[in-house]
Amino acid sequence: MYGYLFRRLLGTIPVMLVVAVFIFLMLRLTPSDPAAIIAGDNATTEQVAKIRGQLGLDRPMIEQFFIWSGKVLTGDFGESFFFKKTVAQLIGERIEPTLSLSLFTIVLAVLIAVPLGVLAAHRQGSWIDRIVMGFSVLGFSMPSFVIGYLLIYLFAVWLDWLPVQGYQRIAEGVGGWVRGLILPSLTLSIIFVALIARMTRTSMLEVLSEDYIRTARAKGQSERKVLFRHALRNAAVPIITVIGLGIALLIGGVVVTESVFTIPGLGRLTVDAVLARDYPTIQAVILLFSFVYVMINLAVDMMYTLFDPRIRY
Amino acid sequence: MHVLRKAILAAACTAGLAVAATPGFAQTTLRAVMHSDLKILDPIWTTAYIVRNHGYMIYDTLLAQDEKGEIKPQMVEKYETSADNKTYTFTLREGLLWHDGKPVTSEDCIASIKRWAVKDSLGQKMMTFVDSIDAVDAKSFTIKLKEPTGLVLLGLSKPSSNVPFMMPKRVAETDPNKQIEDFTGSGPFVFVKDEWKPGDKTVYVKFDKYKPRSEPASGLAGGKVVKVDRVEWRAISDAQQAVNALQKGEIDYIEQPSHDLLGTLKKDTNIAIVDVPQIKAQYVFRPNHLHKPFDNPKVRQALWYAFNQEDFLMATIGDENYIKACKALFVCDTQFGTTKGTDGILTSNAKKAQELLKEAGYDGTPVLLMHSTDLKALTNLAPVAKALMEKAGFKVDMQSMDWQTLVSRRAKKDPPSAGGWNAFMTAWVVADVMNPVSAAYVNSGCEKASFGWPCDAEMEKLRDDFARSSDLAKQKEIAEAVQKRNIEITAMIPVGEYVQPIAIRKNVKGLLMAPVPVQWNIEVAK
Numbered sequence: 001m002y003g004y005l006f007r008r009l010l011g012t013i014p015v016m017l018v019v020a021v022f023i024f025l026m027l028r029l030t031p032s033d034p035a036a037i038i039a040g041d042n043a044t045t046e047q048v049a050k051i052r053g054q055l056g057l058d059r060p061m062i063e064q065f066f067i068w069s070g071k072v073l074t075g076d077f078g079e080s081f082f083f084k085k086t087v088a089q090l091i092g093e094r095i096e097p098t099l100s101l102s103l104f105t106i107v108l109a110v111l112i113a114v115p116l117g118v119l120a121a122h123r124q125g126s127w128i129d130r131i132v133m134g135f136s137v138l139g140f141s142m143p144s145f146v147i148g149y150l151l152i153y154l155f156a157v158w159l160d161w162l163p164v165q166g167y168q169r170i171a172e173g174v175g176g177w178v179r180g181l182i183l184p185s186l187t188l189s190i191i192f193v194a195l196i197a198r199m200t201r202t203s204m205l206e207v208l209s210e211d212y213i214r215t216a217r218a219k220g221q222s223e224r225k226v227l228f229r230h231a232l233r234n235a236a237v238p239i240i241t242v243i244g245l246g247i248a249l250l251i252g253g254v255v256v257t258e259s260v261f262t263i264p265g266l267g268r269l270t271v272d273a274v275l276a277r278d279y280p281t282i283q284a285v286i287l288l289f290s291f292v293y294v295m296i297n298l299a300v301d302m303m304y305t306l307f308d309p310r311i312r313y
Numbered sequence: 001m002h003v004l005r006k007a008i009l010a011a012a013c014t015a016g017l018a019v020a021a022t023p024g025f026a027q028t029t030l031r032a033v034m035h036s037d038l039k040i041l042d043p044i045w046t047t048a049y050i051v052r053n054h055g056y057m058i059y060d061t062l063l064a065q066d067e068k069g070e071i072k073p074q075m076v077e078k079y080e081t082s083a084d085n086k087t088y089t090f091t092l093r094e095g096l097l098w099h100d101g102k103p104v105t106s107e108d109c110i111a112s113i114k115r116w117a118v119k120d121s122l123g124q125k126m127m128t129f130v131d132s133i134d135a136v137d138a139k140s141f142t143i144k145l146k147e148p149t150g151l152v153l154l155g156l157s158k159p160s161s162n163v164p165f166m167m168p169k170r171v172a173e174t175d176p177n178k179q180i181e182d183f184t185g186s187g188p189f190v191f192v193k194d195e196w197k198p199g200d201k202t203v204y205v206k207f208d209k210y211k212p213r214s215e216p217a218s219g220l221a222g223g224k225v226v227k228v229d230r231v232e233w234r235a236i237s238d239a240q241q242a243v244n245a246l247q248k249g250e251i252d253y254i255e256q257p258s259h260d261l262l263g264t265l266k267k268d269t270n271i272a273i274v275d276v277p278q279i280k281a282q283y284v285f286r287p288n289h290l291h292k293p294f295d296n297p298k299v300r301q302a303l304w305y306a307f308n309q310e311d312f313l314m315a316t317i318g319d320e321n322y323i324k325a326c327k328a329l330f331v332c333d334t335q336f337g338t339t340k341g342t343d344g345i346l347t348s349n350a351k352k353a354q355e356l357l358k359e360a361g362y363d364g365t366p367v368l369l370m371h372s373t374d375l376k377a378l379t380n381l382a383p384v385a386k387a388l389m390e391k392a393g394f395k396v397d398m399q400s401m402d403w404q405t406l407v408s409r410r411a412k413k414d415p416p417s418a419g420g421w422n423a424f425m426t427a428w429v430v431a432d433v434m435n436p437v438s439a440a441y442v443n444s445g446c447e448k449a450s451f452g453w454p455c456d457a458e459m460e461k462l463r464d465d466f467a468r469s470s471d472l473a474k475q476k477e478i479a480e481a482v483q484k485r486n487i488e489i490t491a492m493i494p495v496g497e498y499v500q501p502i503a504i505r506k507n508v509k510g511l512l513m514a515p516v517p518v519q520w521n522i523e524v525a526k
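If you read the protein sequences in the order shown, they are chains A and B.
Position 242 of the first sequence, counted from 1, bears residue number 242 in the numbering used here, the numbering being contiguous throughout.
Position 525 of the second sequence, counted from 1, bears residue number 525 in the numbering used here, the numbering being contiguous throughout.
Accuracy of the hints is not assured; some may be wrong.
Computed from the model, here is a short list of chain B residues facing chain A with C-beta under 7 Å [to be verified]: (1) D200; (2) N244; (3) Q404.
Bear in mind the hints are in silico, worked out from the structure with no lab data behind them.
C-beta atoms are modelled at their ideal positions from N, C-alpha and C, and glycine is treated no differently.
Generate the whole structure from the sequences, applying the supplied hints.
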């Protein structure tokens, strides 16, 4: 197991290298010039060139890459072209909102979706099953920003129960922190509820037709125990896979949701950095997201062993 | 138990009395959504309007323009001009302090003027007339000129980017091509750097030691009295969300509400839409003089007959209450705004345009028109231009891109086929296009001109004449001549003006009629 873990961790290195090269090249090959953006409307060509020199963008690409990657290896992600802060500082400021939103979303999604999926499987063919599946189709068909606007209109503008936008840090009060996260995490979680519920139902249906389930029922186990202790546990592997995929998909989802709800997280930082061609920030955030994605995949693989003792690495 | 309940009640009453007796400290905060998030903090290094707005919060200026555009002393107590108009002597007001408590001195002002003049086009022009700037004593300094010019007063009261903000000498000595790192100013607000979170919020607090002038505030001049304790600029990028937040009272002020959402806001009885006539913008078509077909003046001439202003304005703003078809180069209803010499142009006379193209020998070379897609105010301009140009006989290759890509590409002098361009469209705020020297796109100094690089000695002579003149009547005459010359050489084409109102909650009072959305004088009633 530890050997497998070590090999997987080692395997992260080439993955991160490929991501670093890819993102570095992609930024430099796209038609844009951060120096021209920074210089502003009244700048002359000479002024733009001077700024380009100050940012090191006039050096050969390979030299720029080695300078940047060398610094990254020492934990120095450089300074933002625009924000006059180190990229590490910027990310540090933005990580709490994104983590809060992501955790809230996943917990909410799992708490809603898994029971719904179990219920749908248990009542296969009934109106409950049809409603759950109908909701599932609707959930992953609608864009998250549309869901967001609808929820904002209903709960914030019309009913005035929740704030329209904004994020309160947890240190400033748990109540405000929670209130600010309800609508955005509901918005984001709907698509995951749809996906997870659907997968849970499918996986449960397979397991519920197994002999050991019939045996458990025959032995007089309560239906609740049959569903949650015997069936769900055996159905867990594909569900965990989808949850893991969902967490990875969250990365894309938070970008839109953070913009709609004005949450100052990593998603918005990414959008702002891309629009401003803030190369150091874009590179660092993409590297971070890629690393998180790789670690999530590893964690999901490790979790399989918890639910299925037959799986051993 | 009965005794215990009494004791608890007594304790609660005592606590309640204690709270009631404590003088309530309710901070008033203005929560504003500005047109952009603040990322850069140096208003000399960049011309971005959000940084200019930031500058007005924390810095002050030697002179300023009032509501009518008249130049008034601001940080200066008085200024005197010598009999030969070649020496200006400025004396600072008493009691001016930097945010760190140190007094403002003439050395600070001299260093600030010099740094500003390196970056600003009007400042650069002004400095060609300047012989020396010297401190007389801690409170006064002189600007000595090689020859008389009206640019000193115009420059030091310049309302928009780059504004000649005064900074401490140690800060103003920063290389103008590098950003400052010390944000000490002498303005009415203090920037709270620790609470600045780009993409989230920017915070200012009242500067208690600021000494406003005694006159009432007028435009950017007069007494800058701060009536709130704190200002927060919230970065809400979604226009609909900003409106929702304003309606719910989560914010108090939107600097630039989207015109298509004004109808929603007007229905809300808690919200006021304030028209500030000075906050206007002018749409502009900018051709590239370096490459075919716009290297031919007659081909450029055809554009004046291809276009009309109404189509551009209705496609972008779409609300007749906020648009104005005005052919003046220096904007209608301003000191140098005039429509003399504009009869017959900008009326979409396709026939006349086609005749001009034929005379010019236009061979059908496509016009590479850059189309920005992500700035709402600009998005619909290029498609309208394309349609009108094609009707007039031009071949147009419209290429869509985001604004940042356009900004990068317009800096290139390469031919269109090698990554260059022929034309693009943009908008200027009125404060930036008010006279021949400050209007960047009128500069026809060839290599020294802005993107598009028009090259015309006659235009440059007229601009120099304007710079030399300090007589208003003469300046107006020159401005008319510049307008006429612009029509001949087509450095730029004004394609309409629009007004940008501000949306506020009705408990917010004191908005000033100024060309820049300033936040002194504003109070937030409970």
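Consistency of the hints with the structure:
{"no.": "1", "hint": "D200", "in the structure": "3 Å, holds"}
{"no.": "2", "hint": "N244", "in the structure": "4 Å, holds"}
{"no.": "3", "hint": "Q404", "in the structure": "5 Å, holds"}
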